[in-house]
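Student: Turn these sequences into a full structure, and let the hints steer you where they fit.
Protein chains in written order, with the numbering used here: chain U, 1 to 163; chain B, 1001 to 1493; chain S, 2001 to 2320.
Check each hint, because a few of them may be wrong.
Computed far set for chain B versus chain S, every beta-carbon distance over 12 Å [to be verified]: (1) 1025; (2) 1239; (3) 1284; (4) 1285; (5) 1370; (6) 1378.
Heads up, incomplete: computed chain S residues facing chain B, CB under 7 Å, no partners named [claimed, not checked]: (7) 2047; (8) 2050; (9) 2069; (10) 2072; (11) 2188; (12) 2191; (13) 2195; (14) 2196; (15) 2212; (16) 2214.
Now the in silico label distances, taken between C-beta atoms and shown as ranges [as the list claims (entries may be wrong)]: (17) 148(U) / 2316(S): 48 to 58 Å; (18) 2089(S) / 1465(B): 53 to 63 Å; (19) 25(U) / 1224(B): 32 to 42 Å; (20) 1288(B) / 85(U): 24 to 34 Å; (21) 66(U) / 1458(B): 27 to 37 Å.
Keep in mind the hints are simulated off the structure, nothing from the lab. Bear in mind the structure is a predicted one, so any value in this text is a computation, not a measurement. Note that the Cβ used here is the ideal one computed from N, Cα and C, for glycine as well.
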Amino acid sequence: MEKTSRPPFRSTIIADRVVALCIVAVTAVFLMLTFGEVSAFARNSAGRGPYFFPRLVLIFLLIAESFLLAKVFSPRGTVQNSPRPTWRVASLVLATAAYCALIQLAGFLIASILFGIAVPLLLGRRTWVTIVTVALVYSIAVWLLFERVFLIILPASPFDIGF
Amino acid sequence: MELLITAAAQIATPLTMVCIICGTIVGVVVGVLPGLGSVIGLTMALPFTFSLPQIPSIALMLGVYCGSVYGGSITAIILNTPGTPQAAATALEGYPMARRGDADLALGWVTVASTLGGLFSVAIFIIAGPSLAALSLQFTPIEYFALGLFAMTCIAGVSSGQMAKGLVSGGIGLMLAAIGVDPVTGDMRYTFGSFQLSAGIALIPVIVGIFAYSEMFLRVLDLDGDKPDPAEMRVGFRVPPWREWRIRLGMLLRGSMIGSFVGALPGTGAATAAFIAYSEARRTSKRQENFGKGEPDGLVACESANNAVTGSALVPTLALGIPGDPVTAVMLGALVVQGIAPGPQLFANHLDLIYAIFLCLILVNLVMFATGALGASLFTRILRIPEPILIGLILIISTVGAYGVNGSTFDIWVAFAAGVGGALLRYLSYPLAPIVIGMVLGPTIEMSLRQGLILTDGNVLAFLERPIALALFAVTAAILLWPLLRSRLRRSG
Amino acid sequence: MKRNAIRTLAGVASAIAMTVAATGASAQSNRPVTVVVPFAAGGGTDITTRAMQSGLTDALDANIVVKNTAGAGGTLGVGEVARARADGRTLGMTPVGPLTTQPHLRALPYNIDSFDYICLAYSAPTVIAVAKDAPFSTLEEMVSHAKANPGDVTFAVQAIGSVPHIAGLALAEAAGIEMTYLPVNGDGPALKALLDGTADVFIPHVSFFSSNAEQLKSLAMLQSERLKEQPDLATAAEQGYDLDFPIWGGLVAPKGLPEEDVTRLEGACEDAVNSAPFQERMEAVKQPSAYMGSAEFTAFVREKYETNRVLLEKAGLLSN
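Tutor: As structure tokens, then:
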């Protein structure tokens, strides 16, 4: 990775700051939650309550985050060498989300074949025969390996056909 | 000596040999598949152990165990996706090495280091077994707490240049581990009414998410970038020359020792050992500036360490009946069914069995080397698959891995969420290994701290009255303060 | 050349697809039956279930897949069974805790009416265990020591709300003693706490006690009568404390299974429990055998559910 260092994109710097602020906000909310109600048993039992340790961690986190904020809001930022974000990434993320949902709806095998075909197409490859063949062979092989060899029963489709 | 020969005769049966070979190969395969790991591999072997005689069933389990610890590293190198948590540190150096086209060399380093680390711990197992067991009893919750804090300093070692972000990642890991039922009082923490979350967030789906998913998502950005042509990726297996090894024997020895020591403490495990060894290597290496770019020092250290855990983790399991992690717990369960009662007498009166385990472990490590060497050409060829196709295939197998650990569709979503979050953090140069360190160590640190406070009636200062703990606290403080001190000295000098 | 390769691949793929479809179709009638174990592999419940696996496979003429869904004190796996389709293909090996104590401790997505009870497959007493070199050898010695030094005896608790925990609370109440409760993560860590001196006493299952008998001694077995497999273990009843805390578990199915399926599964369970391999394995792990049919098991669960509620209420652990 000996690329020449170049300044990060403006959008990346903004994203870095937004993410850092989000992390701080979540930390603050979680810290607030540690002062919530605990069970009667926890109040009566020996030792510290359930939120004792998370509170320590969160206070430590806030200290670390103050350094983080100082860094990300410094003029130079903290991000190095990140490539320009593209819509392709977003489409792959969405496709993966759809795949995860489809596994529950249509079973592992059907979902995987479709996903295996969809991803290369999304990423700009158009060698249809290869793509379909690979998706089919691979999905079936993985299914057989898990379902029949490892005996890890994968989600099945609602069609009652065995996969 | 006589016992050793009897033991050799016992394991020199065709059935035992088949068990060793099959067990090791199956172990490597489950290790390679992201998500599946040692526990799944061993549960697959369980039904077979019920119908096999004692020695072959032990051989089978040892094969699966050692093979899976090694197998995880292969995926870490080839895909930047540790196949098992134990291999998370391996990706830090292995993947950059593979990325520049030297995957065959990286596998060579890893395979040799794993085998030697494994053999080292076998020697420890047979020579120092009982005393190591006695040592592990010196570690009460207070010492565990001190050790856990010490191990957390590894975060510094894996997040150079991005210390603030590394610390935040580590904190995120600790908090992820805190979600779910509080182990001490049974209260629900941060579950927001979700029943699924009451069991907490499992480590494996998170690892699959932050490594495999996020790597695949971000690879898309690189698709048209300049990188070695897939056709130029070297395939096969290349053992580094002796002159390269000679300068790294110290690393190898230190890694093996760290692994053997950490392995003997129940409740720590190979992932912790690998991270400690890695950051130790980084701290002491003469080639420090190469770290993160594919420096063999780091590979040798963490691979010898995580494989050295295998032999010594058997010590408390067999000599005390205390399995250190879910992996050895499964093995112990199966051994008890085989009529083996763990305890000190096992090392005292059943040396034939101990010798048989010893010889099996040696053979397993040798078979592991052969499997790695022969399988390397297959694994490295993965790199020649065109990326648009490969990305889909890896996402599929990772998803099955995330699902397979607990057979739960909830875990698929955990992996996906961790993938999106991980991709974002990785894009913004957050080191991700500290998340794993935090998740692995969080439960140990919390439990030992709260147990310690119960034992000392809430007196934190009493923690310092115990010599081992005090020494560990001192080392931790020294490691944390040393960089500050050094820069101060430089400035004044 | 390339085209040929692709054609071959396509051929192979379709062949595999057809085989899969064929096996799928033929396996219609006896597709695998999943038995959910709500604890991790290698533990007592898991080993017992896996020991039954071959017996159940024979009796049901279907592959039995053991699936470990551990977490949240076993409630996660039991909840999974409750949610499953009531078609006889998902069963649960459900131990006492998630069924009769956890529902009293917190809101769960199931209750004791969520299941059809098929059979009780194992039941064994618990034992009050101390390290071999402990200063007391009988329950009375421990009780008098604890009375003289309140809080000095440390009791390692494997899991909050578990049977050993309740048993310890009941002992403390019956004897009028005060102990320090040290939470640990299961039997292994509890044993470690005893050996390294951080805890003095814990309450394991008799089979765990027996396989570690070299390093432990029993103060009292928590059952009304001595065990015929291990007659030398004194009971708490003999020492004046009426404590009876067995750890048991059995097969359950999601509610709504047809009557004939329950009967069929009950028969298969009985065959499996009585099969020679199962008995041998239970003997190897020193677990006494036990069996109850569907009707008896249902009544048993309901009775235990009530008694445990009373115990938890006394201990101040009840959530509502």
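Student: Now tell me if each hint is right for this structure.
Tutor: Hints and how they fare:
Every Cβ of chain S is farther than 12 Å from the Cβ of residue 1025(B); the closest lies at roughly 21 Å, confirming the non-interface assignment. Listed as outside the interface, residue 1239(B) is consistent with that label: its C-beta sits roughly 33 Å from the nearest C-beta of chain S, beyond the 12 Å cut-off. Under the 12 Å C-beta cut-off, the non-interface status given to residue 1284(B) relative to chain S holds; the minimum distance is some 32 Å. Interface exclusion of residue 1285(B) from chain S stands, the closest Cβ pair being 35 Å apart, more than 12 Å.
With 12 Å as the threshold on Cβ separation, the claim that residue 1370(B) sits away from chain S holds: the shortest Cβ distance comes to roughly 28 Å. The beta carbon of residue 1378(B) sits about 17 Å from the closest Cβ of chain S, which is more than 12 Å, so the claim that it is off the interface holds. Hint status for residue 2047(S): holds, given a least beta-carbon distance of 5 Å to chain B, under 7 Å. Taking 7 Å as the C-beta contact cut-off toward chain B, the hint placing residue 2050(S) at the interface holds, the least distance being around 6 Å.
For residue 2069(S), the interface hint holds, the least distance from its beta-carbon to any beta-carbon of chain B being 6 Å, beneath 7 Å. Annotation: interface hint on residue 2072(S) holds; nearest CB of chain B at approximately 4 Å, less than 7 Å. Taking 7 Å as the C-beta cut-off, the interface hint given for residue 2188(S) holds, the closest approach to chain B being about 5 Å. The restraint placing residue 2191(S) at the interface with chain B holds, with a minimum CB-CB distance near 6 Å, inside the 7 Å limit.
Checking residue 2195(S) against chain B: minimum C-beta separation of about 6 Å stays under 7 Å; hint holds. At a threshold of 7 Å, the smallest CB-CB gap from residue 2196(S) to chain B is about 4 Å, leaving the interface hint in force. Annotation: interface hint on residue 2212(S) holds; nearest CB of chain B at approximately 5 Å, less than 7 Å. Nearest Cβ of chain B to the Cβ of residue 2214(S): about 4 Å, under the 7 Å cut. The hint holds.
Remark: the range hint 48 to 58 Å for residue 148(U) to residue 2316(S) is upheld by a beta-carbon distance near 51 Å. The supplied range of 53 to 63 Å is met by residue 2089(S) and residue 1465(B), whose beta-carbon atoms lie about 58 Å from each other. For residue 25(U) paired with residue 1224(B), a C-beta distance near 36 Å keeps the hint of 32 to 42 Å intact. Between residue 1288(B) and residue 85(U) the Cβ separation comes to about 32 Å, which falls inside the hinted range of 24 to 34 Å.
At roughly 29 Å, the beta-carbon separation of residue 66(U) and residue 1458(B) lies within the given 27 to 37 Å, and the hint holds.
Checked against the numbered hints listed earlier, the structure breaks none of them; every hint is satisfied.
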